[in-house]
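Student: Use the sequences and the hints to build the structure in full.
Residue numbers for the sequence shown follow the working numbering, beginning at 1 and rising by one.
Please note that a few of the clues may not be correct.
Heads up, simulated DSS-like pairs for lysine-lysine below, C-alpha to C-alpha not over 27 Å straight-line [claimed, not checked]:
{"#": "1", "residue 1": "Lys222", "residue 2": "Lys122"}
{"#": "2", "residue 1": "Lys152", "residue 2": "Lys222"}
{"#": "3", "residue 1": "Lys158", "residue 2": "Lys147"}
{"#": "4", "residue 1": "Lys222", "residue 2": "Lys133"}
Rather than coming from a laboratory, the hints here were simulated on the basis of the structure.
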Amino acid sequence: MSFTLRTAAVRRTAAAAVTAALLATLAACGDGDSDDNGNDTDTGAKSSESATGAPKADLTVLAASSLTDVFETAGAAYEKKNPGTKVTFSFAGSQELAAQVEQGAPADALVTADTKTMDGLKADTGTPTVIAKNRLVIATEEGNPEKIESLKDLADTKLKVVLAAPDVPVGRYSEQVLDAQKIEVKPVSEEPNVRAVLSKVELGEADAGIVYKTDAATATDKVDAIEIPDAQNAVAEYPAATLKTSEHAEAAAAFVAWLSTPEAQKLLQDAGFQQP
1 MSFTLRTAAV RRTAAAAVTA ALLATLAACG DGDSDDNGND TDTGAKSSES
51 ATGAPKADLT VLAASSLTDV FETAGAAYEK KNPGTKVTFS FAGSQELAAQ
101 VEQGAPADAL VTADTKTMDG LKADTGTPTV IAKNRLVIAT EEGNPEKIES
151 LKDLADTKLK VVLAAPDVPV GRYSEQVLDA QKIEVKPVSE EPNVRAVLSK
201 VELGEADAGI VYKTDAATAT DKVDAIEIPD AQNAVAEYPA ATLKTSEHAE
251 AAAAFVAWLS TPEAQKLLQD AGFQQP
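Tutor: Structure below.
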């Protein structure tokens, strides 16, 4: 399979930009109200607890792009269940999230789209827990005008196929399934995350792309999803963990634990994710 790898310098620059933006956003939010003597008067201080007993806090969660829609719903549900707690998500490709963690971005928890990325951050995280699984599909323009039926069709050089970069989990999974079938694909572009792949297909800039099933499900009015048989597919696992640098360790642990509860699992499964 032919891929053009990004240079390390480009990846570092992109990750630094994302981290800088996250730092600026958090700085703008402030650390809470204080009196004239500088004492914290914020009712959501980490020493307080919600009605359910979970510590109140403003949490920042770094999460894989493919979790964007479901986590926005889950965050609202968690805040409702835990008054006084606010959950802010920063979504990006898992490799970009890892770079943010390594650069010391202020955050409380991390959820990646693969165990490989999480395993590489053992020194920075608590013990991870897999909260969901996912599978790949081929996304095509609505109506599938090119009549794509299977992975082997993606080898047609007349097609404009877009894939995620090989250092991105979905790109690595795509490479895995294509290599297993001995299918060589020459993508017209390699994207930094799965949502960027989906966007290319939605906008008609590509005839097809390989994305997660759950991402294709968010754009059913713009793309068609061609199923990949289980025997040819890959299973993506989503581990969640607290970050050791979190200033709200108990609250972060409570949120990560909640992701495995029946309430959170129902939200994930309703979005198309599989049980861990």
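Student: Against the structure, test the hints numbered earlier, and report the numbers of the ones violated in rising order.
Tutor: 1
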